[in-house]
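Start from the sequences and build out the full structure, keeping to the hints where you can.
Each chain, written out:
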Amino acid sequence: MLAFILRRVMQSVVVLFVMSLVVFSMINLVGDPVDMLVNPESLPEEIDRVRRDFGLDQPAYVQYWKFLTGALAGDLGNSFIFGRPALALMVERFPATLELATSALIIAITVGLPLGIYAGLRPNGWGTRIIMGGSVLGISVPTFWLGLMMIIVFSVILGWLPVSGRGETAVFLGIESSLFTLDGLKHLILPATNLALFKIAMVIRLTRAGTEEVMAQDYIKFARAKGLSSKRIVRAHLLPNILIPIITVLGIEFGTLIAFATVTESIFAWPGLGKLVIDAIVNLDRPIVVAYLLFVVALFLVLNLVVDIIYAVLDPRVRLQGEGG
Amino acid sequence: MNQLKLLSIQGLRTEFPTPDGPLAAVNGVDLEVTRGDVLGIVGESGSGKTVLGLSIMGLVDRPGRVTAGRIAFGGTEITNYSEAQWQGLRGNRIAMIFQDPTTSLNPVQRIGVQMIEAIQAHRDVSTDAARQIVREAMVRVGINSPDERLEAYPHQFSGGMRQRVVIATALLNEPDLIIADEPTTALDVTVQAQILRDMRRLCRDTGMALIWVSHDLGVVAQIAHRVAVMYAGRIVEQGATEVMLKSPSHPYTAGLMASMPANAPRGQRLVSIPGGLPQLSNLPKGCSFAPRCAHATTACDVLPELSPTSPDHAVRCVSPLQERS
Ligand SMILES: Nc1ncnc2c1ncn2[C@@H]1O[C@H](COP(=O)(O)OP(=O)(O)O)[C@@H](O)[C@H]1O
Ligand code: SF4
Ligand SMILES: [Mg+2]
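Top line first, the protein sequences correspond to chains B and C.
Per our numbering, the first sequence starts with residue 1, numbered consecutively.
Per our numbering, the second sequence starts with residue 1, numbered consecutively.
Calculated directly from the structure, the hints in this document are not laboratory data.
By construction, the Cβ of each residue, glycine as well, lies at the ideal position given by its N, Cα and C atoms.
Take these hints with a grain of salt, some might be off.
Some chain B residues well away from chain C (every beta-carbon gap over 10 Å; in silico) [claimed, not checked]: (1) Asn-28; (2) Asp-32; (3) Leu-37; (4) Glu-45; (5) Lys-66; (6) Ile-117; (7) Gly-138; (8) Pro-162; (9) Glu-212; (10) Leu-294.
Where chain B lies over chain C, by a calculated footprint (3+ residues, C-beta under 8 Å) [said to hold, decoys possible]: (11) 88-94; (12) 101-110; (13) 115-121.
Going by beta-carbon spacing under 10 Å, a handful of chain B positions derived as facing chain C [what the hints assert, rightly or not]: (14) Ala-216; (15) Ala-223; (16) Arg-224; (17) Lys-226; (18) Gly-227; (19) Ala-236; (20) Ala-298.
Rendered as structure tokens:
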């Protein structure tokens, strides 16, 4: 198991290095950040000075080398706009995004799993038709459109929930989060639900497919032949078997939740990473964009690894193979 | 005599809807099993043996269902039992063992959990007490060091060992009847012989009745007191094992016997019955064996009744074969 983890970490480092090259080359192709940094009417000397200050006068490979050596020392450069380390800015904004993505994931599971099981157990019921119809809607309607509709209905027309922002936060067990205040929760509901909608539909589909597959297995028939109640069969035999693939997929999807959060954060002015990077793209704030993209790659790599480990722990067949060899 | 009747089936019909019309997998079956009886059911694959067993357990897969006939168990009619009533009966008074031991057990639950739940579904006993019952059942079917085995997962067992676990599970609540659906077909010959011997002993010791289903007349002959031969959903011949083996009266039974390896003359190829089962959703209107029968005449265009030829022997054929001299 340890050898497996080590090997995976090495692979991840290589992937990260390659990605840094790709990201750096791409970003040098788009726009000239100096145009954004100086007044268009400035003198050419002024423009050259800014270019030198930010090191943008040097050839791309020199810039990359500087970036790489800095990155290895934990310095991803300073934001052109804020004049502060990109990493520090990201660390500051990350909790808000994490909070949003985690809430969305929890909503997706608590809503999607029971609905998916229901649909899988009654493939021809009318309830199933409604659930599956709803999930098609959830997948095909764009997130931003739904987000706007939610704001219009719940904030503007009904006035139940705030339109934007993170609301009040409180510190609990050393974690600052809007989950701990009523105002914060009110602010969280709409964006978290908006972000979750796509995943709810996905969880429903995965769960339903898994349920149908597992319920057709001989061990379910044997469990029924033992006289077990449906409740016991669902809890002891269905769930443990469908959870393995669902957790695998959701673990990897957590990365996409954080990536997709950019859209939701923009609509709801949620002060997270997504909003930071969208602003950075608009302003050609290269260090932030590079740092964000590498962060997302690293996140996917870590999630994949963690999912593989969890998978091994959940499935005794994989687990024991590992112990044997 | 009547109070000894444990299972009594009359005119049982189990249908599955298909695009070509209803398919009667069980088509008017009459059966009786007395306490302590071992009844063998033989027939080639697809003749309806499994569906018959599932019908007795109330476990026919939707949209299939029992459309006619009655099943009485221990003098009580169970045909129209509610799901809760079935649950009380299954695994408690009637247990069923399936063909493939590699798929009958849930891969992600420990053996102990899967056996203990079978007891606790029917009896209000502590887990410790249940574990003790499980240990005893394991010893009875020849599983050594049961304590260790309880903590193991199914994939750590051989096929034969898994089938012993399944048999032990069926024994846990001391049922009056066990339906064993080809329990040794997937196992190799030595293991099959051991399990047959153990099952014979268990029936003798406990006085429970057994329905042993197989496509192999040779296997059935080793364990059953009485044999019923099934063809295309109907019983075509029924009688005491010795009588049937000595003088098979139905051409299909005779064909089955001729295709048993033990009956083949040395150095000659096995004789198999030409042709295959008729399409169940579109049966010939008379004897369903007629298309394959060497003795078929126009008289066979009317479905023959299952009628006695001697006190303990009945056959469904217009011109039963003569007793061999
Ligand atoms: N769930 C089902 N849906 C549709 N048809 C089925 C189902 N189960 C069994 N059948 C049909 O019933 C017939 C008898 O099957 P089965 O009882 O499994 O035969 P056997 O056990 O004798 O091999 C077959 O023609 C099979 O196709
Ligand atoms: S009824 Fe006729 S066709 Fe059917 S088994 Fe007897 S002889 Fe053959
Ligand atoms: Mg079968």
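Each hint tested on the structure:
{"no.": "1", "hint": "Asn-28", "verdict": "holds (50 Å)"}
{"no.": "2", "hint": "Asp-32", "verdict": "holds (57 Å)"}
{"no.": "3", "hint": "Leu-37", "verdict": "holds (58 Å)"}
{"no.": "4", "hint": "Glu-45", "verdict": "holds (71 Å)"}
{"no.": "5", "hint": "Lys-66", "verdict": "holds (52 Å)"}
{"no.": "6", "hint": "Ile-117", "verdict": "holds (17 Å)"}
{"no.": "7", "hint": "Gly-138", "verdict": "holds (28 Å)"}
{"no.": "8", "hint": "Pro-162", "verdict": "holds (44 Å)"}
{"no.": "9", "hint": "Glu-212", "verdict": "holds (13 Å)"}
{"no.": "10", "hint": "Leu-294", "verdict": "holds (37 Å)"}
{"no.": "11", "hint": "88-94", "verdict": "holds (count 5)"}
{"no.": "12", "hint": "101-110", "verdict": "holds (count 7)"}
{"no.": "13", "hint": "115-121", "verdict": "holds (count 3)"}
{"no.": "14", "hint": "Ala-216", "verdict": "holds (9 Å)"}
{"no.": "15", "hint": "Ala-223", "verdict": "holds (7 Å)"}
{"no.": "16", "hint": "Arg-224", "verdict": "holds (6 Å)"}
{"no.": "17", "hint": "Lys-226", "verdict": "holds (4 Å)"}
{"no.": "18", "hint": "Gly-227", "verdict": "holds (4 Å)"}
{"no.": "19", "hint": "Ala-236", "verdict": "holds (6 Å)"}
{"no.": "20", "hint": "Ala-298", "verdict": "violated (32 Å)"}
In the structure shown, a violation is registered for the earlier hint numbered 20 alone.
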